[in-house]
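*Asks:* Start from the sequences, fold in the hints, and give me the full structure.
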Amino acid sequence: MASHESSFRPASRAGKWLDERLPLPRVMHGQFVDFPTPRNINYLWTTGGLLTFFLGLQIATGVVLAMHYIPSAGEAFSSVEAIRRDVNYGWLLRNIHMVGASFFFLAAYIHIGRGLYYGSYKGPREVLWIIGVVIFLLMMATAFMGYSLPWGQMSFWAVTVITNLFSSIDAVIPGLGTRIVQWLWGGFSVSGTTLTRFYALHYLLPFVIAAAVGLHIWALHVVGQNNPTGIEIKQPSDSVPMAPYAIFKDIFALSVFVLLFAWFVFYLPDYLGHSDNYIEANPLSTPPHIVPEWYFLPYYAILRAIPDKLLGVIAMFSSILLLIFVPWLDTSRVRSAKYRPVYKWFFWMFVISVIALGYLGSKPPEPPYVGWARFFTAYYFLHLLVILPIVGVIESPRPLPRSITEAVLGKEPATQVASAGGGK
Amino acid sequence: MIGLKTTTAAAAVLLAASLGASASAQEGGHAAPRIERQNWTFSGMVGRFDAGQLQRGFRVYSEICSRCHSVSRLSFRNLVQPGGPEFPEAGVKSLAADKYKVDAEPNEQGKILKRPAVLADRIPGPYKNDQEARASQPGGALPPDLSLITRARSIESQAPFYMVPLNMMRDILAGYQEAGADYLYAYLTGFKEPPKDVKVPDGMNYNEAFPAPHFTGMPNPFAGGNDAVKYDDGTPQTVDNYARDVTAFLAWASDPTLAERKRLGVLVMVYLLITALLLYFAKRRIWSNMH
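From first to last, the protein sequence lines stand for chains B and E.
The first sequence runs 1 to 424 under my numbering.
The second sequence runs 1 to 291 under my numbering.
Among the hints, erroneous ones may be present.
[To be verified] In silico lysine to any residue, SDA-like type, Cα no more than 20 Å apart, as pairs: (1) E:283 / B:244; (2) E:262 / B:85; (3) E:114 / E:129; (4) B:411 / E:106; (5) E:283 / B:43; (6) B:411 / E:287; (7) E:99 / E:122; (8) B:234 / B:406; (9) B:363 / E:168; (10) E:283 / B:256; (11) E:262 / B:259; (12) B:344 / B:110; (13) E:283 / B:259; (14) B:363 / E:160; (15) E:128 / E:106.
[Stated by the list, open to error] Coverage of chain E stretches by chain B, computed from C-beta distances (three or more under 8 Å per stretch; other residues unrestricted): (16) 82-95; (17) 152-164; (18) 261-270; (19) 279-290.
Derived from the structure by calculation, the hints contain no laboratory data.
Every residue, glycine too, gets a C-beta built ideally from N, C-alpha and C.
*Replies:* Structure follows, in C-alpha cells:
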C-alpha cells in the first residue's frame, strides 16, 4: 500500500480494543480517508467511483429481481412481464437493472478511454490495467447472459448467434466447434436448458466481478492514482487526502451521472433496448435484423466485417484481448497525451473509429456499411499494433512540469507552504 | 457556472439544428414508409393516459380487434385501476361475469366446468390456442396478442449517419418513448389502395405503413368506416378517432404503470437536482483553499 501517515485514532475503548485485534477500521481509514490522491485529477477520475456504485446497484436490484424471475423457456418472458405489471415497484427495479447495465458500460467506456488518454496503463500500473481488462471481459459475459433472461426475440437470437460463433472452430478441428456449441446449449438447439444455465452464471459472475474489483482497487492503492500530468506524486503538496476532497468530488459527479441515469429509468426505459425483445422468443421466426445491445455494437461490426467466420471471431475477441498488451505496445516514455502532440490526434481518431464501428454494427451487413466496417476495423488494429508503438518512438513530447504542484499553481511548492498545509 | 451555460447553449443549438435538419430530411422522400409522430396525452415528462380515451379505446378493441386478437396479459382488475381506463368497478364486475366464461377448478368428479369470470381473471381471448387462431384466418397468419404491441414495435430510423447524433439528442431531451404508438396509429390508418403496378397476393392486404413490400395479413379493421363503433361521450365517431383511441388503449396495455412511473420520476428528478446542486456547492467549498 502506498505509504502515508495515518490519522486514525480509535475514539472509544471498544474501538481501541478492536484495533489491537483486527485493525480493519484502521485499514479502511488509511485507504479511504487518508489515502493521498493527486490534487489535479479531473472529473474523468470519478468514473471509478461511478462503476463501483453501478456494480452495487446491479447486484442489489438483481438479487430482488431474481426473487420474482422464473428461468424457464415457458415462463421467463411472462415472469418479466409480471415483474413489470404486478410486483410492487417491479417496473422500477427492472428499469434500473436494464438501464443500469447500459450506464455501467457507458461509465466503463469513459473509464477505459481516460486510461488510454492519460497513459494510466504504463508502469507501474500494468497489473492494475490488466485486471481492468479482465473486469471488462467479465462484464461483457455477464451482460450477454443477462440479456438472454427476458427471453424475448432478441434475447433468443442473440444467444443463438453468439453461441454459434464457436462452431467456427470446426474449420480448424472438424467436429470440435459443434461439440462445444452443443455443450454450451445443453442440447441440440438454444432452449430452456440454455436459459437456465445462463441464469445461474448471470447470478454468479457479478460476485466474481466484485472480487476482481477488489483486486483492482487494491492494485490501485499500491501504485497510487495516475493524474492528467502523468507524473507521480513526489511531495505532500502534490496530493490531497481522499476524504473529504476526492470523496466529495466523486459524490457530486455521481449525483450528476445518476440524474442522467434517472432520466432514462423514468422517461426512456426502452430507448436503449430493442423493441423486438418485447416479443416472446420464437425459434421458428428470425427477426429481420439481429443486433446486440449498443455497448456490443463495435465488436459486432468487427465480427461481421471479416468475410471468414473463424477469422471474424478471432478479430472480435482479439480486439479486446489486445488491450492487455497496450502497456507494452505503447513505447512512449511520457504517460499523458496532454504532453504528446502526435499521439493526442491518433487517440481521437481511435475514439472516432470505435464510435463509427458502433454505428456500423447497428446497420445491416450490406454495402456501403460493410465496406466502411472493414475500413474502421483495419484502423482499429492499425492503431493498437502499429501506430501506438511507432508514435511513441518518433514523437518528441512537450516538456513536462516538474511536479503536480507546479502544473496546478504554475510554481514550485517552496512558496506554497500554506496551500499544501491546507490539504491536511 | 460558465461551463453549465455553454453546455446549455450548445444543447439548444444542437436541438435547433437537429429539428431544422430533420424537417429538410423529410422532404428527401425515402422508399421506406415514413411514420409521422402524433401528439399523445401520455408523452413527455408529465404525460398521462386520458381515462376517457382509454374507455373509448377499450370499446373499439372489444367491438373490432377482439374478434381476432387477445390482450392476455391484462386482467379485468386492470380496467379498474388508477392510471388506466378507470371503469367503475361494478361495471367491470358485471362485464366479466356476464360476457366471459372461464375454466373453473376441476369438480369432485374431475370435470372442468365453466364459471363466470371475476376481476382477478385475465381477459379471455377469442381463441383457445394459436392453432385455432391460425385456422380461423383466411391467410393462416397468427393474429398476435396485443398486450405488448406498442412496446414491441418501433420506427426504424432512415436518417443519414450524420443526423444520428442530433436525432438521438432530440429524442433523449424530449423523452420520446412513443415510437410504438406512432407506428401502430400509422398502421391502423395505413390501409390504402395499392399503387397501380403493385399486385397484392391473395389473403394479403396493402398497408403503406407496413415495411416493404407493404403486404400485411390483417384486413382494414375500420373498413366499416365512420360510425362503426358508437361513442357515448360526444367524441366524433371517425375512423381517425377509433385508430387513435385504440392505440392509446393498447399503449396503456403495454405500459400500465406509466402514470406511477412518471409521477415518481418528477419527484426523483427534482430531488436529484437539488442534491446535485448542494453537492456542487459543498465540493466547491471544500476545494476552495486548493486553487
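*Asks:* Flag every earlier hint the structure violates by its number, smallest first.
*Replies:* 4, 16
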